[in-house]
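S.K.: Chains as they are written, first to last, in the working numbering: chain B, 2 to 469; chain L, -9 to 200; chain C, 428 to 740.
Source of the hints: derived by calculation from the structure; they are not laboratory data. From a predicted model like this one, the values you see are computed outputs, not experimental measurements. Don't take every hint at face value.
Unchecked claim - Distance condition first, Cα-Cα at most 27 Å in a straight line; then the derived DSSO-like pairs of lysine-lysine:
1) Lys44(B) - Lys447(C)
2) Lys455(C) - Lys45(B)
3) Lys455(C) - Lys44(B)
Claimed, not checked - Example chain L residues on the side facing chain B (calculated, C-beta under 8 Å, incomplete):
4) Leu(-2)
5) Ser(-1)
6) Asp0
7) Gly1
8) Met30
9) Ser36
10) Ile61
11) Thr101
12) Phe168
Stated by the list, open to error - If you anchor each label on the Cβ, the simulated ranges turn out as follows:
13) Thr89(L) - Val341(B): 36 to 46 Å
14) Leu85(L) - Pro413(B): 36 to 46 Å
15) Leu96(L) - Glu51(B): 24 to 34 Å
16) Ala31(L) - Asn463(C): 30 to 40 Å
17) Asp427(B) - Leu96(L): 29 to 39 Å
18) Leu279(B) - Val14(L): 24 to 34 Å
19) Phe353(B) - Gly171(L): 28 to 38 Å
20) Leu9(B) - Glu727(C): 49 to 59 Å
21) Thr670(C) - Glu51(B): 16 to 26 Å
22) Glu717(C) - Ala31(L): 28 to 38 Å
23) Trp216(B) - Asp79(L): 35 to 45 Å
24) Pro413(B) - Leu96(L): 30 to 40 Å
Note that CB positions come from ideal geometry on N, CA and C, so glycine has one too.
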Amino acid sequence: MTSLEMGLWVTGLLLVLVVLGMRVGFAAGLAGLAGLVWNFWEKKDYAWGELGWAISVAAQQAGQVPHSKVASQALSLIPIFILIGYLAYHAGLTRALFEAAKRWVGWLPGGLGVSTVFATAGFAAVSGASVATSAVFARIAIPEMLSIGYDRRFAAGVVAAAGTLASLIPPSAILVIYAIIVEQDVGTLLLAGFVPGAFSALVYGGLVVGMAVAWRGLGPPVRGFTWGQRLASLPGALPIVGVIAIIILFVYNPFGDAFGTPTEGGALGAALILVIALAKGMGWRDLASALLETAKLTAMIFTIIWGVLIYVRFLGFADLPSAFAGWIGGLEQSPYMTLVLILLAYAVLGMFMDAIGMLLLTLPIVFPAVIALNGGPGVAAADSPFGLSSVEVGIWFGIIVVKMAEFCLITPPIGLNCFVVAGVRDDLSVQDVFRGVTPFFIADALTIAALVAFPAIVMWLPRLLLSG
Amino acid sequence: MAGPTNILSDGSALSRLDRALFRVEGWLALIAGLAVLGLMALAVVSVGGRNFLGRPLSGYVDWIELAMPFIAFLAISYTQRLGGHVRMDIVIGRLGGRTLWAAEWLTTLLTLALAVALCWGTWQHFGRSFDWDMPRFSRDSSIDIGLPLWPAKLVVPVAFAILSLRLALQLWGFGRAFARGEERPVAVPLIESAAEVAAAEAAALERAGR
Amino acid sequence: EEWDVSLWGARRAFTEHVEKLAELVEEKTDGEFTLNISYGGLSNNRENLDGISIGAFEMAQFCAGYHADKNPSITVLELPFLGISTLEQEREISQALYEHPAVQEDLSRWNATLLMPSPLPQYNIVGTGEAPRTLDDYAGLAVRATGGIGRAMEEVGAVPTSMTASEVRQAMDSGVITAASFAPHAHMSFGTVENADWWTTNLNPGTVNCPVVVNTDALEALPDEYREALLSSVDEALDYYVTNYEGATMDAWGPMLDEKGIEQVTYSDEDLAAFREAVAEPAAQAWIEENAARGLPAQELYDFVTGMVEQDG
Ligand code: NA
Ligand code: NA
Chain B
2 MTSLEMGLWV
12 TGLLLVLVVL
22 GMRVGFAAGL
32 AGLAGLVWNF
42 WEKKDYAWGE
52 LGWAISVAAQ
62 QAGQVPHSKV
72 ASQALSLIPI
82 FILIGYLAYH
92 AGLTRALFEA
102 AKRWVGWLPG
112 GLGVSTVFAT
122 AGFAAVSGAS
132 VATSAVFARI
142 AIPEMLSIGY
152 DRRFAAGVVA
162 AAGTLASLIP
172 PSAILVIYAI
182 IVEQDVGTLL
192 LAGFVPGAFS
202 ALVYGGLVVG
212 MAVAWRGLGP
222 PVRGFTWGQR
232 LASLPGALPI
242 VGVIAIIILF
252 VYNPFGDAFG
262 TPTEGGALGA
272 ALILVIALAK
282 GMGWRDLASA
292 LLETAKLTAM
302 IFTIIWGVLI
312 YVRFLGFADL
322 PSAFAGWIGG
332 LEQSPYMTLV
342 LILLAYAVLG
352 MFMDAIGMLL
362 LTLPIVFPAV
372 IALNGGPGVA
382 AADSPFGLSS
392 VEVGIWFGII
402 VVKMAEFCLI
412 TPPIGLNCFV
422 VAGVRDDLSV
432 QDVFRGVTPF
442 FIADALTIAA
452 LVAFPAIVMW
462 LPRLLLSG
Chain L
-9 MAGPTNILSD
1 GSALSRLDRA
11 LFRVEGWLAL
21 IAGLAVLGLM
31 ALAVVSVGGR
41 NFLGRPLSGY
51 VDWIELAMPF
61 IAFLAISYTQ
71 RLGGHVRMDI
81 VIGRLGGRTL
91 WAAEWLTTLL
101 TLALAVALCW
111 GTWQHFGRSF
121 DWDMPRFSRD
131 SSIDIGLPLW
141 PAKLVVPVAF
151 AILSLRLALQ
161 LWGFGRAFAR
171 GEERPVAVPL
181 IESAAEVAAA
191 EAAALERAGR
Chain C
428 EEWDVSLWGA
438 RRAFTEHVEK
448 LAELVEEKTD
458 GEFTLNISYG
468 GLSNNRENLD
478 GISIGAFEMA
488 QFCAGYHADK
498 NPSITVLELP
508 FLGISTLEQE
518 REISQALYEH
528 PAVQEDLSRW
538 NATLLMPSPL
548 PQYNIVGTGE
558 APRTLDDYAG
568 LAVRATGGIG
578 RAMEEVGAVP
588 TSMTASEVRQ
598 AMDSGVITAA
608 SFAPHAHMSF
618 GTVENADWWT
628 TNLNPGTVNC
638 PVVVNTDALE
648 ALPDEYREAL
658 LSSVDEALDY
668 YVTNYEGATM
678 DAWGPMLDEK
688 GIEQVTYSDE
698 DLAAFREAVA
708 EPAAQAWIEE
718 NAARGLPAQE
728 LYDFVTGMVE
738 QDG
């Protein structure tokens, strides 16, 4: 048995366990542990007397991973980002943000839809990870839209689509996880997510306005807010602005003279939201419930992280990633073609799996292959088929797969966000939501095509800020 | 993510044990959450110290690395109790009755095997960092200010031990459901669709947000 | 026979002796005994001793300062201002210390036998902005420095700040720190020189000690000819390492500084003597006290090292 075959068998086992419905983190950990036992036992030529030894070495080797991989400063961003999201809900910031957006941009054609997009984007800018963004806005925004005569499907589509913005607009737990797995700089990735994320939000906003103009009655504007009312809506939304300012200061360092690292920026943002939530009368019960939710989501994410890393530890003894990278790098077809095929595979996988689980499970093998596709580690931009250095391709690919994972949230037939919106609203069927989201779906496909075809869209901001 | 509403209870020994363990799990999860707050406070002190006092917090990274295992592991069993760990339910979501409980029982058994193996493996990892005869009992220390690492290594096998108890209870629960052919058994997380889960979560947040 | 070897990072000057060793051993045994080198695939850099102790792989490299409590005896070579000035001297003293019974006993807890050092030159500081031309200029300077070097920087009023090596470049570019202390090859690989304005040529506050160890049981189980092939190749591998480090890294270093217009700051002998006095003695005393409490013959180890340095001088 070559180590490559061993790698393939164990990966097959992992897939079977995942399909059987075993929790993803545990399935990866078990597959990795089994692979390690196999690896060490093979070293002793499968002597029965040595099986106990092999199991003990494998369990101890795997037993190092949970502590040593989790005790990381970079990963500490994840619980902090999650905490910010929950505290922001508890502080009532989502509603305040929607209210402010409504008063300021509601006069546009499709104004409430635009408000939803911007409020969601603004919330995305403080919320690191949230499965419930769409659900929350379905409860806040859809009733208002329907009450002024919006088309039901249109309203539902806007909410389902806007809910996908959270992972690209920093802070984003999923970008942090990607950075850790592929060993890229966290700050650079967060930076790189900003332009594509803001671009997506603008595309959505433009699309809403365009549709409302083209089909009168789809989304009538809301007029009549006075400047006084507009200004009055600002203080409630101000904390979001404060957090965004802190994150810009710490992650992007616009003045070149920084206050701290992204980790510290995230923590400061959380502290600000906490103070506001407490000032608004958040009690111990609410705080405890936010902390419990944070702990739960954090444990869920970290379980996948260490589980997958046990599997990766096994892969270190097998040769699967390098063999796959060699195979991909040696293909005769155009690297662009191969990349598109990889992305299509993600599109399919993304329909069936949670984005974080999907990325964690696949990246250990796919990422080295993408690097190989670009001409190998250490390649210069000039010699690469994509015109990117090996570091840059890591960032570019990260943004694309995260956008891809987001895209899968509204892909028929099982785009999760559409089910969520339909689930919250008794008057909407899943088909209604899918129909309403179709224009956004098409816009997203075009956005992804643009990101793939023009890497400069992703790389522009990091290059600008990191070169000088 | 599943809310606490989808776990049924009754007066049986299984259900009572489930709820007793859940109280312990809840406290541990709360400690994990408080540790996140601690992390936040640490960063505030660090930034404030550097920018306003010209004196950064010494060993900031070391303290974070010490805190992270508490944050990552103390709620692992709590999350398992609530069915909160991610899985792909495309197959299992279509099963029902005894087939479903058999599948759940099997994957729970495999998870228990992993948890027990890792409980031992992580305990060994802790053991290599702990020595009664050394100053601060330490045989492994952090890179910058030399904090002993054994408390952070100890929390991992403790969490796996509690997770093993939880899995054993769930094994019992699924086994009983299979034996009795129950539709809605107690003490185990029942499958909800992702939409139901998100809706429940949004409702909980809405309540809290008011 | 195949041995797994756990290193980390990428192949670089710091790992060339292991690569050379693999080449020599394979040659001498006609390819019968091979070293399968992995960069980070088998373990974390801070868990390499654990992996050796478990028996997960047979050879590994680690740095003493990553986890002083795991290997207190060899941290004596990381004390500030020992006065070691060349790679050859660092190698010779390390090899001699690795033969010391107290050191061998310390490592035997991990089932580890010390094979060879990875001698590194003295750390120096790369920074941005106004160069600290005298030691007084260090007051308030935020510098990334760990362990003994960090304590040395504190003595002259600098503010040591901790962060992982991969965060250093960004922290420096953004002004969180103004300076960082590394060996030259690390300054180049972590990119701290890219936007730097100055470099200290002779501060030489100390370095890290990074041995290569083998699993003792595996070494003993090795057929005699293989073991002979391995042990007899150590000196040649180290010769190659030192020549390569001085050639590839240090020859590139000077011209690179000139090309980037980086100011080279050199301190006077009086300045350095004052610095040494303020730092070296208290640090050594603290080390001896701490490690005597661990049951090590700390004074003896310290005298052993300083004695060898004096002999050379
Ligand atoms: Na976000
Ligand atoms: Na519905």
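S.K.: Are the hints correct? Go through all of them and say.
M.R.: Hints versus structure:
1. For the proposed pair lysine 44(B) and lysine 447(C), the alpha carbon gap of about 25 Å is at most 27 Å, so the pair holds.
2. Of the pairs offered as hints, the one joining lysine 455(C) and lysine 45(B) holds, with about 24 Å between alpha carbons and a cut-off of 27 Å not exceeded.
3. Taking the CA atoms of lysine 455(C) and lysine 44(B), the gap is about 23 Å. The hint holds against a cut of 27 Å.
4. The criterion of a C-beta within 8 Å of any C-beta in chain B is not met by leucine -2(L), whose closest approach is roughly 20 Å, and the hint is violated.
5. Nearest Cβ of chain B to the Cβ of serine -1(L): about 19 Å, over the 8 Å cut. The hint is violated.
6. With a least beta-carbon distance of about 24 Å to chain B, the hint placing aspartate 0(L) at the interface is violated under the 8 Å criterion.
7. Because the smallest distance between the Cβ of glycine 1(L) and any Cβ of chain B comes to about 26 Å, over 8 Å, the interface hint for this residue is violated.
8. Annotation: interface hint on methionine 30(L) holds; nearest CB of chain B at approximately 5 Å, less than 8 Å.
9. Restraint check, serine 36(L) versus chain B: the minimum CB separation of about 6 Å is within 8 Å; hint holds.
10. Below 8 Å, beta-carbon pairs count as interface contacts, and isoleucine 61(L) has one with chain B at about 5 Å; its hint therefore holds.
11. Among the interface hints, the one on threonine 101(L) holds; its C-beta lies about 5 Å from the nearest C-beta in chain B, closer than the 8 Å criterion.
12. Because the closest C-beta pair between phenylalanine 168(L) and chain B is about 15 Å apart, greater than 8 Å, the hint is violated.
13. Distance hint check: the CB atoms of threonine 89(L) and valine 341(B) are about 39 Å apart, consistent with the given range 36 to 46 Å.
14. Under the hint 36 to 46 Å, the C-beta atoms of leucine 85(L) and proline 413(B), about 24 Å apart, miss the expected range.
15. The given range of 24 to 34 Å is respected by leucine 96(L) and glutamate 51(B), whose C-beta atoms sit roughly 29 Å from each other.
16. Under the hint 30 to 40 Å, the C-beta atoms of alanine 31(L) and asparagine 463(C), about 46 Å apart, miss the expected range.
17. The hint said 29 to 39 Å for the Cβ distance between aspartate 427(B) and leucine 96(L), and at roughly 37 Å that hint holds.
18. At roughly 28 Å, the beta carbons of leucine 279(B) and valine 14(L) sit within the given window of 24 to 34 Å.
19. The hinted window of 28 to 38 Å between phenylalanine 353(B) and glycine 171(L) holds, with their beta carbons roughly 29 Å apart.
20. With their beta carbons about 55 Å apart, leucine 9(B) and glutamate 727(C) fall inside the hinted range of 49 to 59 Å.
21. A C-beta distance of roughly 42 Å is found between threonine 670(C) and glutamate 51(B), which places it outside the suggested range of 16 to 26 Å.
22. The hinted window of 28 to 38 Å between glutamate 717(C) and alanine 31(L) holds, with their beta carbons roughly 30 Å apart.
23. Checking the proposed 35 to 45 Å range against tryptophan 216(B) and aspartate 79(L) shows it holds: the Cβ atoms sit about 38 Å from each other.
24. Taking the beta carbon of each, proline 413(B) and leucine 96(L) are about 32 Å apart, inside 30 to 40 Å as hinted.
Comparing the model with each earlier hint shows violations of hints 4, 5, 6, 7, 12, 14, 16 and 21; every other hint is respected.
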